Amino acid sequence: MGAAANYIDERTSISGLVKEVGRKIFPDHWSFMLGEVALYSFVVILLSGTFLTFFFQPSMAEVTYQGSYVPLKGIDMSAAMQSTLNISFDIRGGLLFRQIHHWAALLFIAAIGLHMLRIYFTGAFRKPRELNWFIGFVLFILALAEGFTGYSLPDDLLSGNGLRIIDGMVKGIPVIGVWISYLLFGGEFPGTAIVSRLYSLHIMLLPALLIAMLGAHLLLLVINKHTQWAGPGKTNDNVVGVPVMPVFAAKAGGFFFIVFGVIVLIASLFTINPIWNYGPYDPSPVSAGTQPDWYIGFADGALRLAPPHWEVVWGGYTVSFNILVPIVVLVGLLGTVAFYPFIEGWITGDKREHHILDRPRNAPTRTAVGAALMTLYAALWGAASSDLMATHFKLSIDQVIHVMQFLTVIGPFIAFWITKRVCLGLQKKDREIALHGHESGRIVRLPGGEYIEVHTPLTEYERWTLVSFNEYEPLMVRPNERGVVTPLERIRASISGFFFEDRISPVTKAEIEASHHESHGAIEEGSGGH
Amino acid sequence: MADHDDEAPATGSAVEKSEPQKISAGTAVIPTDPFENPGEPPHRLRITDKDPAEEKKAARQVSTLFFLSIIFSCLAVAAYIAFPIKEGDTGSIRLNNLFLGLGIALGLLSIGIGAVHWSKTLMPAQEITEMRHLTKGSDATRAKAAEVFELGNKESGFGRRSLIRNSLIGAMVAFVLPGVVIFRDLGPKVDPNVVLRHTLWKKGMHLTIDPTGTRIKASDVTLGSAFHVIPESLLKSDDLLEEKAKAAVLLMRLNPDDLHEPKGRENWQYNGIVAYSKICTHVGCPVALYEQQTHHLLCPCHQSTFDVTENCKVIFGPASRPLPQLPITVDADGYLVAQSDFHEPVGPSFWERDR
Chain D
814 MGAAANYIDE
824 RTSISGLVKE
834 VGRKIFPDHW
844 SFMLGEVALY
854 SFVVILLSGT
864 FLTFFFQPSM
874 AEVTYQGSYV
884 PLKGIDMSAA
894 MQSTLNISFD
904 IRGGLLFRQI
914 HHWAALLFIA
924 AIGLHMLRIY
934 FTGAFRKPRE
944 LNWFIGFVLF
954 ILALAEGFTG
964 YSLPDDLLSG
974 NGLRIIDGMV
984 KGIPVIGVWI
994 SYLLFGGEFP
1004 GTAIVSRLYS
1014 LHIMLLPALL
1024 IAMLGAHLLL
1034 LVINKHTQWA
1044 GPGKTNDNVV
1054 GVPVMPVFAA
1064 KAGGFFFIVF
1074 GVIVLIASLF
1084 TINPIWNYGP
1094 YDPSPVSAGT
1104 QPDWYIGFAD
1114 GALRLAPPHW
1124 EVVWGGYTVS
1134 FNILVPIVVL
1144 VGLLGTVAFY
1154 PFIEGWITGD
1164 KREHHILDRP
1174 RNAPTRTAVG
1184 AALMTLYAAL
1194 WGAASSDLMA
1204 THFKLSIDQV
1214 IHVMQFLTVI
1224 GPFIAFWITK
1234 RVCLGLQKKD
1244 REIALHGHES
1254 GRIVRLPGGE
1264 YIEVHTPLTE
1274 YERWTLVSFN
1284 EYEPLMVRPN
1294 ERGVVTPLER
1304 IRASISGFFF
1314 EDRISPVTKA
1324 EIEASHHESH
1334 GAIEEGSGGH
Chain W
3 MADHDDEAPA
13 TGSAVEKSEP
23 QKISAGTAVI
33 PTDPFENPGE
43 PPHRLRITDK
53 DPAEEKKAAR
63 QVSTLFFLSI
73 IFSCLAVAAY
83 IAFPIKEGDT
93 GSIRLNNLFL
103 GLGIALGLLS
113 IGIGAVHWSK
123 TLMPAQEITE
133 MRHLTKGSDA
143 TRAKAAEVFE
153 LGNKESGFGR
163 RSLIRNSLIG
173 AMVAFVLPGV
183 VIFRDLGPKV
193 DPNVVLRHTL
203 WKKGMHLTID
213 PTGTRIKASD
223 VTLGSAFHVI
233 PESLLKSDDL
243 LEEKAKAAVL
253 LMRLNPDDLH
263 EPKGRENWQY
273 NGIVAYSKIC
283 THVGCPVALY
293 EQQTHHLLCP
303 CHQSTFDVTE
313 NCKVIFGPAS
323 RPLPQLPITV
333 DADGYLVAQS
343 DFHEPVGPSF
353 WERDR
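Those protein sequence lines, which keep their order, are chains D and W.
Numbered according to the numbering used here, the first sequence spans residues 814 to 1343.
Numbered according to the numbering used here, the second sequence spans residues 3 to 357.
If a hint is listed, it holds; no wrong ones were tucked in.
Here are the simulated DSS-like pairs of lysine-lysine, each with C-alpha atoms no more than 25 angstroms apart in a straight line:
(1) D:K837 to W:K138
(2) W:K24 to D:K940
(3) W:K24 to D:K1164
(4) W:K24 to W:K138
(5) D:K886 to W:K238
(6) W:K146 to D:K1164
(7) D:K837 to W:K122
(8) W:K315 to W:K204
Computed footprint of chain D on chain W, listed as stretches where at least three residues anywhere in the stretch have a Cβ under 8 angstroms from a Cβ of chain D:
(9) 236 to 247
(10) 312 to 319
These are computed hints drawn from the structure, not numbers from a lab.
For clarity, every value in this text was computed on a predicted model and none was experimentally measured.
Where is the CB? At the ideal position from N, CA and C, for every residue including glycine.
Please construct the entire structure, taking both the sequences and the accompanying hints into account.
If you want it as structure tokens, here you go:
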């Protein structure tokens, strides 16, 4: 052992790295595992995907199927579809690995989404982590692109229809749309080039970008050190947790095998993407109730919600607002997500580093904005199943679409209002608890005849968690050095007002003292803290 | 609710105590009399810390899980051999998938659960505190870095020799251009705007059934029936899918009195038999669902709905334009033929569609 370590260190100087990161501290909390799930499912995707490349033929050359699956025997299809069927029906474990790959991809994107929500609602994106949030956003987009390109490779009926929709969307882009579609498909849709082109992107360009971005993401995580929840002993200047060697390594390493195991378990028990039921791509048939993979749903739903006749001809040129408006909404939603940390940082003007996570209730407007964006996403996503909702619940498709249109436009405002009120209510409750302690349920009659409920005072550890949070005031516009109030500063002030006008301040020491004087004569359990 | 009139305004000038540098806290409210952090609560020992028997038990459980993993992995290899795929027997695939998968999954889960159990019961549970530092480099480091750039600038003359600099910037822009231009031949040379306007349909082309290619006699099209139709020459075409993606047609026979044909198109139908493009004018899915009672055509992708009696105008959904109609008639033997190609481009809208 010593000799081997010496051999390597003399050639790599790796002892420095081990010294630096070997005992690095990682805080422990279940919500910090969501990003790990994404990372580990990505590793599973790489492993299973590599196996699939040994058998998959990314070619649209026409062949006649002669494999083991009897119902499709003698049918003309592309070599891509045939090789996918061969992986499923002629190679032992082939179907298993296809299903591992697909399930892992679904889990990958789901875990990224949940991880982003965790980061957002706890304010973990604040300085110094704004750039890492943006890198994470790019990873999310790359994951979606990987998902869509992979979904299109088998060249089955559903994936072909997905491409057809992309083709139609692209053609709707003014001026260059037709040419982009033409170059993408190597001529008219569907052509014979798209599968091999998407394959190059799917197994080479996109994974390379993903791995590079992932490396940067993790490197910044190490440099910035992990955030931690507010709690006794935890400050903005320290990090409390377990060391990489051995505890975190064992937990995280074990967790990788658990994630891997769960994916394989699902893949061995549940069918995913049974392309043999759909058959090869043909532009003419499509079955009712077709659904894209879940993560594309929000884009498909946005397309469905455009009202009829949103198309105009201006000066002889066709402008398809039924395509453009959904695209603008999607880009607007994603753009807001991508740049949110920079927007919030600009509004507060806070240049300090933040390593203690916010409880979502303690940033009511941010939490409410998040809920509004989630509602918009959910409405678009739900709209992608409008036909299934209509058939399952025996509604008319018109009604379902109109409800989803309403939810898309009004839903975010309702969600914003409700969430903000709930957050403020929870903050008030926290204040009450910090000031007066927990309700004990014990009612006591005082000698004077008055009934009061006995409150159990907090321990100082409990109180610390409730009172230690950040508070911001609305910005007062002030003239700059040249005595001018710039329009930009006015905008900043009005957004700042929108964010921080309604707020509950954390309990101060003076308030605690005052509450003790007020409740003088009342009976409190225990010694009263201090 | 802003009950902090007694607080000094913190805008742009506040200093957080823990950071010696003057870093703006923006509009954050800095408490004048903050609570003291009570420090970490006392550490509580686990049962494995206190009871050696429990510790031994946990150690046994961990090694048992690792041994189980070996067994499951071996079982997975056994399943690979014991459950071969038999041609034409989908049941054999199911068994292969299930048992190979279960073996691998349980092997992995045993390692994972064992490792986590090990860390949670036997490795130290006491949390450790490590200090953070500002992310930015120290002032000395930053000064050194700035010096490096300055030296680089001075020694190369990048800032001073503007001709070299500007010509280099120009070269860096220009060298990308061939890399962009080279993608032109991703698509063929012909203008897509021309190609998109034409389909296989032309005067006298027989309407045939998709996918068999048999001709359709007008008298066989009964009232209320619908046919999925392709042009007769399609099956011999070299670009079958590309042509089909434009030429697919839906044929329906309605009561002629129900049809409200616009002026000039009265003879595009034959005895109430009408033919419309099957490619949705929204984003190009096949409009495959015909509701016989209402004479509505529904696109299953985005639910655009077209009214056949009203020349397939859009009555619901995101589509904007009616489905293009194919003018049809019969030949001398009573078989349905096209009068011409479509009179407008089929499928999704595009920029120069109406030029």
